[in-house]
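Asker: Listed here are the chains, written in short residue letters.
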Amino acid sequence: MTVPREMPEKWPRVRAPGGAEEERRVRANAREYNEKFQYASNCIKTSKYNIVTFLPVNLFEQFQEVANTYFLFLLILQLIPQISSLSWFTTIVPLVLVLTITAVKDATDDYFRHKSDNQVNNRQSQVLIGGVLRQEQWMNVRVGDIIKLENNQFVAADLLLLSSSEPHGLCYIETAELDGETNMKVRQAIPVTSELGDTSKLARFDGPDTKLMQNSGRTKFKRTSIDRLMNTLVLWIFGFLVCMGVILAIGNAIWEHEVGVCFQIYLPWDEGVHSAFFSGFLSFWSYIIILNTVVPISLYVSVEVIRLGHSYFINWDKKMYCAKRRTPAEARTTTLNEELGQVEYIFSDKTGTLTQNIMVFSKCSVNGHSYGDVQDVLGHKAELGERPEPVDFSFNPLADLRFQFWDPSLLEAVKLGDPHVHEFFRLLSLCHTVMSEEKSEGELFYKAQSPDEGALVTAARNFGFVFRSRTPKTITVHELGRAITYQLLAILDFNNIRKRMSVIVRSPEGKIRLYCKGADTILLERLHPINQDLTNVTTDHLNEYAGEGLRTLVLAYKDLEESYYEDWSERLHRAGSAPEAREDRLARLYDEVEHDMMLLGATAIEDKLQQGVPETIAILTLANIKIWVLTGDKQETAVNIGYSCKMLTDDMTEVFVVTGHTVLEVREELRKAREKMMDASRSMGNGFSYQEKLSSSKLTSVLEAIAGEYALVINGHSLAHALEADMEVEFLETACACKAVICCRVTPLQKAQVVELVKKYKKAVTLAIGDGANDVSMIKTAHIGVGISGQEGIQAVLASDYSFSQFKFLQRLLLVHGRWSYLRMCKFLCYFFYKNFAFTMVHFWFGFFCGFSAQTVYDQYFITLYNIVYTSLPVLAMGVFDQDVPEQRSMEYPKLYEPGQLNLLFNKREFFICIAQGIYTSVLMFFIPYGVFADATRDDGAQLADYQSFAVTVATSLVIVVSVQIGLDTGFWTAINHFFIWGSLAAYFAILFAMHSDGLFQMFPNQFRFVGNAQNTLAQPTVWLTIALTTVVCIMPVVAFRFLKLDLKPELSDTVRYTQLVRKKQKTQHRCMRRVGRVGSRRSGYAFSHQEGFGELIMSGKNMRLSSLALSSFTARPSAGWIETLRKKKGSDGSTAGSPSGAADKTLKV
Amino acid sequence: MKNKTSSPPREGEARPSRCPDNSAFKQQKLPAWKPQLTIATVLSSFFLTGAFCLSVGVCLILSTNSVREIQIDYSDKCSDCSKLRENSSNWNKECHCSVNFMLKEDILGDVFMYYGLQNFYQNHRRYVISRSDAQLLGRNVNIQKSYCAPFTTYRNGTPMAPCGAIANSMFNDTIDLFYNLKSSVIQVPLLKTGNSWWTDKNVKFRNPKSYNLSSAFAGTARPPYWQKPVYLLDEEDERNNGYINDDFIIWMRVSAFATFRNLYRRVSRIRQFADGLPAGNYTFRISYNFPVTKFKGRKYVILSTVVWSGGSNPFLGIAYVVSGTAATLTGFVITAIHLKLRKKKAYFQK
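So the sequences go chain by chain: A and B.
Here the first sequence stands for residues 0 to 1149, numbered as in numbering that gives the first Met the number 0.
Here the second sequence stands for residues 0 to 349, numbered as in numbering that gives the first Met the number 0.
Derived from the structure by calculation, the hints contain no laboratory data.
Careful, some of the hints might be misleading.
[What the hints assert, rightly or not] Sample of chain A residues with no beta-carbon within 10 Å of chain B, all distances over it, derived:
1) L96
2) I264
3) D934
[Claimed, not checked] Just some of the chain A residues that point at chain B, by a computed CB distance under 8 Å:
4) D316
5) R525
6) F932
7) A944
8) G998
9) G1011
10) L1043
Every residue gets a Cβ at the ideal spot worked out from N, C-alpha and C, and that includes glycine.
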């Protein structure tokens, strides 16, 4: 391999990431020179810490959390003796616990990042250093290095293609990791270097500068709406805390002024305190310390723990494991789970997400006979799931084993020699632009430019018409074992207007025949009138196929007279070399010859949906989730898929298609759509209610209450206009009034914009699901991003919050996991705030009776342990394990999902109810023992009304009340719940007696002052009666309210729980899906993913290996502009404009 | 990005399966008890609770009603003394006064004598912490490190024993009870020990170890408000002296609220007091040492019997009756609502 020491004075101008033009001067293979510019190294680093920096950096980060800083501040306050109302450890123990848990989690995360970084960085590459190829790790590759790549190697940098072993410096790359598309993309080396042989590339951007790393952007830290609400509430609580502090501080000042002054003989003021006012000031801080438990430090940690638990349940879910791809579902973000229960909008990519991106030759109609229906033994159409054996293609050594067909009669027809069937498959084996590669005898590989074509040629191959090889001038086909070489006279290439392609071939017998395949609408008009009867039958078949959501093509042929062809070909040649209007003239000639054709039949290709897509979409729709498909595909494809996955149905009142190219057109189309919807609802609904609605609310709500089902299909360019600032609201309103929205030909950026738009105006939770790099922006923008994993591409997965390998798992993720997560989180939060208010507010009431001195009601150890030991685990168990209805029910009754969308289970109102309950509890918790203890004595006459007994009584009744309350809240008592709830109670008493034991007191007499208290106090019947009364009075009203609510206004979930017995009757009808029988609008599937220009490429022979070229009499043809054509098409092709299409593409524009 | 043709070889077919375990725990299928609020459970719980509360309440009220109690506010009965005590310089002047009262009926059973204080904030934070439990355990500790300030040491450095505001403010009135039987005055025999908690007396409070008590407290001084040092609290009984003096122990167990009563003495059931206190005229002879007027406090002396639920506090009984009634009523209300609703539902179903 020879490589120039220096590139010529022609610097590739590359656009710097971020938009501004930046010039990179790179001298190939000259490290010393390039190092002057200090380009980034190719080392990918996504990790945050190393061993040394971990502790300081992590602590620094953790203390940036407001909550942690707040507790540090409290800790400092507690060290001031005049203020300290609590020992320092009451704060430091939970704080250290919290910091440790978070640090361990961070460390684990970072460990995995290190591991994946290392994996990427240590991939091997061959780099030319000092004229010798060396094995180098990718992380050591520098800008300007020349790299040799071999087949099937990973590329971990942006590269400039210098040359390749393929002719003309062509190079086929797979961009699955970028966009999830598995078909090959062609890149060509720049002409200067293209003849160098072997694939070598120049590193252009490295490491963090690569397009990928640049585009991946900064991962925004996603917060759930519950998070935001929680933060608001914590702020409110904080305000409330300050208010309480102020009230008590004023109380303290007054008390000290009125009472404390007189009491000074027994209790002089502290040194330095000379006025009641200052005493009040100090007591403010003291109260902040003891009341800080209303803002519980363990809240955030507990929430994280619960979410982590939910994430594990997602990871562990066997029903979300795809055995085929061996990928389990994965919750990559552990902080978003409960938002899964609140999703209102789903934005889905099409290819790879809804569809498998596999085209399957499914049915065909030949000469008025339809083949391909799955038949059972009796010859009836069989239902899916009870398929017989597929057709056996073993007679054909060249058959593709992966191809499956279920109707044996077609093969029989081939074997019987039905001429129509033969001609049908002959056409399929000849009329295409597929390239073949035969690695060894009989091992054929087709490089199809569109998967549709691949499917058709493969079908022909299996039925005995094997396309074997081609040269620019010939096509060799094995027809039922016989090798026949056809002379390829012309390819009348595909384009969007023609919607068909033809080939003109000369058979070995010398007959010239034109074979054409194309969209039915176009082709049926171009048939010879003689075909009328056949056309009618075929049309019926086409309708039937379309009804099943298949992509159809019509096939036809025409025999050409030798003389006519000569003349035509002469004219074609002239037109091809004409200086101007070349394309028009060619088109006219094509048009002329593709006329009066004979109908052969039709094919139906199934764009294979992922498993269970229509069912999933149906259930999600019933759960009131709106699904928008955002795809880079063409409109026809997108609409087709919309039908086949039942998003669009022919029952729909109307499907609006917006394809306007100008702002005005788009606006007009949107307006018309809206008017139509409103007209319809006006005529359908009665006038009164409509008028009322109109007068009472704005247009939006009218649109949302629209009767009838509508769908909106909008094109990429129209969308660009629709997303402009002045039209976006209009667009959104229209779109949201529709049941289904399909945006086609959208760029990745537009995908993100659409998501952003909905996020901005709808205040709804959005979920984006996709599989390729072009979905990354949308995945990152949406509240929740889901990546389809288990395929080649991992970019989407890397950017996603959740990943699994099948679209259908989405329903389980949302309806089961999401719903439960939301429910559990809400229940958890309600209880958590309740228990902390009940716990803390007692101090407030006590303040009025202890001279506002910030004396705590409880023992300091109780305060330390209450949140982290006595009450943490039962509520965590509830937050992790609770279930209101079994999982099957949430699938059966998708409406159960609604409370999450409407945010009903935890909102400000619910919060105030919890708080009120907490305060109510605290009042009883204080005043009942207060009443009892006023003049109480023990049954042996000794004192009972002492502070310590009071503390133990209140603490015990508090623990019992909150335990009973959690028991009441827990709807799903697993063994773990039992263990935690009973265990917490047991732990409370065990710790209580341990703390009050002689041994500890002997060791630390000043710390464990409550010695003997537990056994003395808890031996008194009065104390137990007090505890019992408190419990009854705190709990019974809650039971009454809950029951009345249940009785008077039951939620759906309550009803579902109640109607377990009658549920069979109600078994929802939604689940049965209409399978077939819909007479659909026909959708021609030809070359939905086809590009123009390939025919020319083939005829020029440029993409053929020299070995095969040598066989042919290759002469340069005037039409060598294929690459321009390719590029032109690409440029206008919205779908690829924004995808990171590799370096070679960009450099071509130098 | 992949370079050139065909899919990559599937790596590691022998990889361990990534399929999640099919355990009940991981699949969230643990067997569970799913309690539901049904009309039956709710109503039964309300009526049962109501019945329970009512019966407990009635029992409590009946038993507290059987408690006999006499409470006498003597803070102003000895106005001379209270004036005298207002000036703290008169701390060593003795002042005695008597309070007479009459029992119309016998008080049968164990009779307990309490002193009560009102408006004395024993539950104030600074008061509560102002003690050294290590010192009270008889250990030789540096009380400067405790929260006893300002009652730690005298200016000359002599530590106070015991230290702290609680000990310093100990109630130091002495109250004797006399039974006036036909012009003869009989002193009612009172027990001054056995009044405190066993754990306090035997675990929490210990005297420093030495051959005798006064030497054990050598080098320490009495708290400023005390009239005698700690080792002279009860000269008659070695086991009721020093830190383990019952009056001291009881005082050191601070009360939960500003109004409280502490057990002072028990009537010894001997001779004519074997069944309790017989009806008749009695006199409290009080040595008035503890000033309360300064902080607008009151002090009481109380004679009371006890039952299983303690003293004469009627609160718990009443609270139980009220809650029991409320629970029962709620039960009826719920029944009514439920029935009405069912009728309505049935109506709609027709």
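Asker: Does each hint hold? Answer for all of them.
Answerer: Outcome of the hint check:
no., hint, in the structure
1, L96, "25 Å, holds"
2, I264, "6 Å, violated"
3, D934, "5 Å, violated"
4, D316, "7 Å, holds"
5, R525, "37 Å, violated"
6, F932, "6 Å, holds"
7, A944, "5 Å, holds"
8, G998, "10 Å, violated"
9, G1011, "3 Å, holds"
10, L1043, "7 Å, holds"
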